[in-house]
Structures are given as structure tokens and as C-alpha cells.
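Undergrad: The residues making up each chain are set out below.
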Amino acid sequence: MSAPSFEKPATAAAPVLEVEDLRVDLRTPRGTAHVVNGLSYTVGPGETVAVVGESGSGKSVSVLALLGLLPARTATVTGRALLQGEDLLTMAPERLRQVRGPGAGMVFQDPMTSLNPVLTVGRQLTEGLRAHGPVSKAAARARAVELLGEVGLPDPGRAVGRYPHELSGGMRQRVVIAMALANSPALLIADEATTALDVTVQAQILDLVERLQSEHGTGVIWITHDLGVVAGIADRVLVMYGGRCVEDGTVDDVLERPVHPYTRGLLGALPDLAADPDEDLATIAGTPPAPTDLPAGCVFWPRCPVRGDARCETEQPPLAVVGRGGAGLPHRAATWCAEREAS
Amino acid sequence: MSVLVFSLIHLVRGDPIRLALGTRFSQETYDALRERSGLDLPLVQQYFTWAGRALTGDLGVSFRSGDTVTSLIGERLPATLTLALAALVVALVIALPLGMLSALHPRSLIDRVATVVSQFGISVPDFWLSIMLILVFAGLLGWLPSGGYVPLTEDPLGWLQRLVLPAVATGVVSGSVITRFVRSSMLEALGQDHVRTAQAKGVPTRQVLTWHVLRNALLPLVTVTGVQLAYLLSGVVVVEIVFSWPGLGQLAYQAVRDRDFPVLQGAVLLFALVFLVINLLVDLLYSRIDPRIARR
Ligand SMILES: Nc1ncnc2c1ncn2[C@@H]1O[C@H](COP(=O)(O)OP(=O)(O)OP(=O)(O)O)[C@@H](O)[C@H]1O
Ligand code: SF4
Ligand SMILES: [Mg+2]
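Line by line, the protein sequences are chains P and Y. Once you know that position 202 of the first sequence is 202 in the UniProt record's numbering, the rest is easy, because the numbers rise by one and skip nothing. Once you know that position 235 of the second sequence is 235 in the UniProt record's numbering, the rest is easy, because the numbers rise by one and skip nothing.
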């Protein structure tokens, strides 16, 4: 398992992505949904930030918002999101188009619906390559075959001519990954990218991403439910709940010395990480709050077993430093009742 | 189906021979004609005789003019096909831009206007629209002739002038239906996940719209256009009569009036055939544009 690496001082170099106070409101028939509520984090070059949290905590929406991929008619996005210094949220449409792909590549959560059913896999890959500079058809096709080989698709030469419905779920997933990697992005956003894959293919993909990171200094946001993957690839972990970051820090801090009652709950069924690294997140009693109807005070209080402070139900706890990880990175948690273990 | 065509027509009351001969005729002439046209035989036998000949392309002889039905239909078919295709062009020229604009700007002014216009277009009867068009463009404004037909080869401009009004009268209803359809299938295509994938790759908007939205919206559209073409063909009957357009519809109408069974049977059979051919074409086209069907 990767310890916070000293040879990779991630945050020392200028960050690839700096998100500041990101907020997303979505208009729904049941009122305004406050899906992301003041999210701030950075991703350094070559760094991998894992984002974990229950279903509905706003993980997908928060990354879709970065690339302006939420329905414009219903979504209101505020805050700042600097990709290599440029704010994605205020960018001119044409500049944003240029950035999508080479600036930030995205692997979507659902491989079954993320591909166009009437275009061949090759066409969908080359399209992304040719959208960013003059590439001949033949060269783009050759690159497409190469990419499909890299993501472990058997017989890539034949696969380029196939339609999505002719491929299995795992194969489509790899095509979607290949599309995100096509332009060697500075930032890779992977939303449940390896969920549909078996363990060997998953390992192959993780290796590929690691190679991309060391070759291009790609920063990675990896959304997953799989703690084994988190432990395996992440440098830092960000725990989301109710559209907020409730805890973040190095992978060791968060997985081994969780502070927030929510994180502890998630890891609860997992007494020994090393013993069973493929375990998914634990389930916690109760259901997450509806984003249309967030509780006042701490977002977690209706389900929190601790609730050890008078302010829990009335005042929102700030994300405060609770310790320092091995590389000197802060370990932060948003709760009134942090058990501050010496670390 | 041919059984249906045949029996429906024979349900019509009125003795065709009497009608054909007029008021003064001898019993011998009547019997002779009846025997020659086979109307004295039992119905079932009449049917098989007719169907057998129809298969070889022989649809019998008109009671009224004595011409073969095949030649009568052959004369009229091009005019009807021209009108139906022109109406389809009118329909698509209305529907595609209007439907697409509405889908791209839902609830905008253009969307609202398109909704009202297409609602009107769907509900207006085609004979009423035909008459209004004649009153306005032929009568009031005098821009176009009120009806008639000249062959394209003789007078291209005159042909076009006479085609415009009937084509519009026939095409407006289908155009309205297709507009609604383009709008909804575009909206559906726009909301699909893979459109977002395309955007995330940095594909230019225009390309996203054509290859990812329109290309997928086209699939249901092909079916609906086929249905509408069939509908147009039935719509031409009324419009042909109003505009004295010498097509199959008019032929069928005259045949009904004259109890000219062979002609009527032939015309109806041909309409049915055309429906089948359209359906076949739609299926073929569909399998060409949807790979999920083509490879099955
Ligand atoms: N387009 C939308 N319109 C309205 N609400 C939405 C929309 N997309 C997502 N939501 C809501 O936003 C909340 C967060 O959704 P999101 O997809 O980000 O969750 P997630 O953390 O990615 O969950 P999962 O682990 O299931 O992928 C959910 O309550 C969801 O219902
Ligand atoms: S602030 Fe209170 S309710 Fe919220 S997580 Fe901490 S202890 Fe629980
Ligand atoms: Mg998600």
C-alpha cells in the first residue's frame, strides 16, 4: 500500500487543480437541491485524490460541475476551480471546449450509456483526438488502436470497428477510459472507473494511470466505493457527505486514524484493512439527507451516534485541522467532536 | 388483404352494369356484358379469377371506358407519387428546422410559436386548408393557378406552379405531426449520457449536435416519416379532387361514383401495395442507420 510518499511532494509544485468553495444548486420539481455545498480541495501534479462517500453525497455532480457538464438550465455553479491556473467556471465556451480532453479527461460512471450507440468505438475515439489539433484520419485510427490495446482490450485492431452494443460492459468501460486518456490530460477524473472490471483488468488500468502520472504529471481524482482501490492508488482521501467534505487527509490518516464519526462509520465494518483490501464501504444506519432538505447544523447529525456537542444540531462545524500526516499534509475533519489523537 | 379489398368493394350497393349502360338498354346487352365481366359467377369464384389475374398484372377492364385498369393506373400513378413526395418535402422543410429549434430552445418564443402552429396544423382538415389556399393564393392574390396539371416535360414552370398548393395542403398536417416528433426525439437525444461524453472530449458543439444528437434522433424519425408518407398518400385523395389533380385519388373517387369495380379494386390494391413498399423501405433504411439492428 502506498504510504504518503516523500519522493513525491505533491503539493509543493503548482497544483493541477484548485477547487475553492464549490457550490452546486440544482433546480428540481421538489425545490432547489443543494447538492454541493462549499467544497475546497487541490490536486497536485502526479497526485491521486480519492473521493469517497455514500451514494448521493454529490461526488459525481461535483466533478461534472468542474467541466461544465451539468444541465445549464437547472444547475447553478459557484466558486472557483482553477485548472493549471485558469478558472474553469468562468471560462469562455470555446476555451472550455479546448480544455475538455487535453486539460481534463473524464471517465463516466455508467459505461452502458456513456457511449453513442450508432457510432463505432474507433469513430468515438478518433473524434476526441481530432477535436484538438490536426491529426490525419489514419494517424488517429492508429492511435485509437494503440489506446485500446493499452487499456487491455483484446484484439484492438478489430475492436475499433465495432459498435458499443457488440462489447461487454467491462469492454465498454475500458473504451470510456481510453477516451478519457486519449489526449494525455493534465487532470484525469475517474468516476467509478473500474467498478465493472475484474481484478486483473483493474490492476492493469491502475498501472496505466500510474504510468500516465509519472510521464505527464497527471493529477487524478478517483471516485470510488472500493477501499482496496483507495488504499492502493490514493495519496489523499476526501470523504464527502451531504455535498460537503467532512474529512480529508493522507490515505493513512483517513483510513487508519479516521476522526469524523461518518468516516468511522464508513470504515466500521473493516477492522483490518490489510486483511481484506477489496472490501467496500460499510453501510451506516439511516439514510443520507435529501439535498432539497439539508439539516441545519452538522449535516450528519440526524444519523450521528456521537452528537457530543450542543452545537451539533444548530451550527455547522468548520473543516478544521486535526493533525498532520507523514508528508506534513494537514488532516482535516468537520465535526465538533474530533477525538484528537496524537499523530 | 386482397380478400379484404375485394369484399369491401362488393359490399357497395348498386349494379355496376346498369350504371355503365345508362338508362336504355336491352336485356340481351345487359346479360352479355354481365357474362363478359364475370359478374354472373359466384362471388368466391369472382375473387379467385380476379386475384389470379391480378398476380399476372391483369386487373381487368374498366366498365366505364373499356381501358385496362393497369393502363389507367399507370397513367395516374406518377401524378400521385409526385404529389405525395412534394408534400413530404414540404412536411420535412417545415418540421426539421422548426422541431430542432424548439428542442434546442425549449420554452423559448420559437418553441411556443412552433407549438401553436403545429397544433393548428394537426387539427385543420385538409379539404378546408385546400379551399383556403385556393381562395387566398389563386383567388385573392392570383399568384398561382387554382388547380389542374401539366406534365413536367411540357412546361416545368407550370408544373411547379400547379404542384405548390396541393403539396402544401397535403404536407401541412404531416409537417405538424413530424415537427412535434422532431422536437421530442431531439430533446430525448439531447439528454442522453453519451452526448455529455462527447462534450467532455472537447468535440465542437456543431459536431456534437449532428453526430450525437441528430444522428440518434433520426432513428425514431425514420419510422414516423414512413407512417406519414403512407398517411400523405391517403390524404391526396381529397386534395386531388379539390385541385383536379389527375392522380390515383381522383381515379378512385370517379370509380366509386361510377361503381366501376375493376378500377376501384385496382386502385385500392395499389394503395395497399404502396403502403407495404413504404414499410419495407422504412425497415431497410432503419437497419442501415441503426447498427444495433443491422447486425442482428
Ligand atoms: N441532474 C440532476 N438534477 C437534480 N438532481 C440531481 C441531478 N443529478 C444528481 N442529482 C442529485 O444530486 C445528488 C448527488 O448526486 P451524485 O450523482 O453526485 O451522487 P454520487 O455521490 O455520485 O452518488 P453515486 O455514488 O451513487 O454515484 C443526489 O441526491 C441526486 O439525486
Ligand atoms: S458535529 Fe456532532 S453530529 Fe456532526 S459529526 Fe460531529 S459529533 Fe456528529
Ligand atoms: Mg456518482
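Hints are supplied without guarantee of correctness; some may be wrong.
Stated by the list, open to error - The following residues of chain Y were derived to be distant from chain P, with all beta-carbon distances above 10 Å: (1) V164; (2) G202; (3) I289; (4) D290.
Said to hold, decoys possible - Selected chain P positions facing chain Y (in silico; Cβ < 7 Å): (5) R97; (6) R100; (7) M106; (8) L115; (9) V118; (10) G122; (11) E127; (12) G128.
Honestly, the hints are just simulated from the structure, not real lab data. Glycine residues also receive a C-beta, built at the ideal position from the N, C-alpha and C atoms.
Undergrad: Does each hint hold? Answer for all of them.
TA: Hint check:
no. : hint : verdict
1   : V164 : holds (36 Å)
2   : G202 : violated (4 Å)
3   : I289 : violated (7 Å)
4   : D290 : violated (6 Å)
5   : R97  : holds (5 Å)
6   : R100 : holds (4 Å)
7   : M106 : holds (5 Å)
8   : L115 : holds (6 Å)
9   : V118 : holds (6 Å)
10  : G122 : violated (13 Å)
11  : E127 : holds (6 Å)
12  : G128 : holds (4 Å)
Hints 2, 3, 4, 10, counting from the list given before, are not met by this structure.
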